[in-house]
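K.L.:
Construct all of the structure, not just a fragment, from the sequences and the given hints.
Numbered by the working numbering, the letters in the sequence shown go through residues 1 to 118 in order.
Just so you know, the hints here were simulated from the structure itself, not pulled from any lab data.
Be aware that a few hints might be false.
Unchecked claim - The following label-pair restraints were derived from C-beta to C-beta distances:
1. A68 / F32: 19 to 29 Å
2. P65 / S31: 29 to 39 Å
3. S51 / S31: 30 to 40 Å
4. I108 / F32: 18 to 28 Å
5. R83 / I108: 31 to 41 Å
6. G16 / I90: 15 to 25 Å
7. W71 / T106: 29 to 39 Å
8. E34 / T72: 30 to 40 Å
9. T109 / R75: 33 to 43 Å
10. W76 / T109: 20 to 30 Å
11. R75 / E34: 10 to 20 Å
12. Y114 / R67: 29 to 39 Å
This one's a predicted model, so the numbers in the text were calculated from it and none came from an experiment.
From the three backbone atoms N, C-alpha and C, an ideal C-beta is built for every residue, glycine too.
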Amino acid sequence: MRIVLDFRPALRQSTGVGTYAHNLISALAESFPEDSYTAFTASWRDRVNRSLLPDGVEVTDWKIPVRALDWTWNRWQWPSVERLVGTVDIAHSPSPMLLPARRARTIITVHDCYFMRH
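P.N.:
Structure, rendered in structure tokens:
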């Protein structure tokens with residue numbers, strides 16, 4: 001099974017969601033090595049430190065502005081995650097921005113609902 005994780009929260013300073021994304025992909029790769037894992041990143045400036053990821057985790061990195069990508073995802077659900085990383089079985093978002101997918105099953109992790117009230 002091919003699993004893609006939105007790794008953008010882990011690009012900058014360590015935040016709760018960024019730490020969660022890093023620990024999740026590391027734990028999955030160690031626990032289920034028969035599956036393949038892709039850390040998806042997109043940023044105009046920031047790059048992922050590949051040495052912090054376990055062996056076997058692929059990185060797909062697009063040099064595009066995060067705000068532009070988020071805007072098109074919010075408005076049109078385009079481009080799909082499959083268009084950016086290829087065929088995947090599961091697309092996991094560790095933050096409230098769901099990765100738009102055509103065929104992949106999607107998972108979203110909600111850590112808190114503070115943003116809904118304030």
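K.L.:
Taking 29 to 39 Å as the hint, is the beta-carbon distance of Y114 and R67 inside that range?
P.N.:
The hinted range 29 to 39 Å is violated for Y114 and R67, with Cβ atoms some 21 Å apart.
K.L.:
18 to 28 Å was suggested as the range; check whether the CB atoms of I108 and F32 agree with it.
P.N.:
20 Å, holds
K.L.:
A range of 30 to 40 Å was offered for this pair. Does it hold for the Cβ distance of E34 and T72?
P.N.:
Holds: the Cβ-Cβ distance is about 34 Å, inside 30 to 40 Å.
K.L.:
May I ask you to test the hint 20 to 30 Å on the CB atoms belonging to W76 and T109?
P.N.:
Holds, at about 23 Å.
K.L.:
Using the Cβ atoms, figure out if W71 sits within 29 to 39 Å of T106.
P.N.:
19 Å, violated
K.L.:
How does the Cβ-Cβ distance of G16 and I90 compare with 15 to 25 Å: does it lie in that range?
P.N.:
22 Å, holds
K.L.:
Return holds or violated for the Cβ distance of T109 and R75 against the range 33 to 43 Å.
P.N.:
With Cβ atoms ~23 Å apart, the hint is violated.
K.L.:
Starting from the hint 29 to 39 Å, judge whether the C-beta atoms of P65 and S31 obey it.
P.N.:
34 Å, holds
K.L.:
Against the range 10 to 20 Å, how does the distance between the Cβ atoms of R75 and E34 compare: consistent or not?
P.N.:
37 Å, violated
K.L.:
Regarding S51 and S31, is the given constraint of 30 to 40 Å on their beta-carbon distance met?
P.N.:
The hinted range 30 to 40 Å is violated for S51 and S31, with Cβ atoms some 21 Å apart.
K.L.:
Can you let me know if the beta-carbon spacing of A68 and F32 is within 19 to 29 Å?
P.N.:
34 Å, violated
K.L.:
Starting from the range 31 to 41 Å, see whether the pair R83 and I108 falls in it by beta-carbon distance.
P.N.:
Since R83 and I108 have Cβ atoms about 19 Å apart, the given range 31 to 41 Å is violated.
This entry does not satisfy hints 1, 3, 5, 7, 9, 11, 12, going by the numbered hints stated previously.
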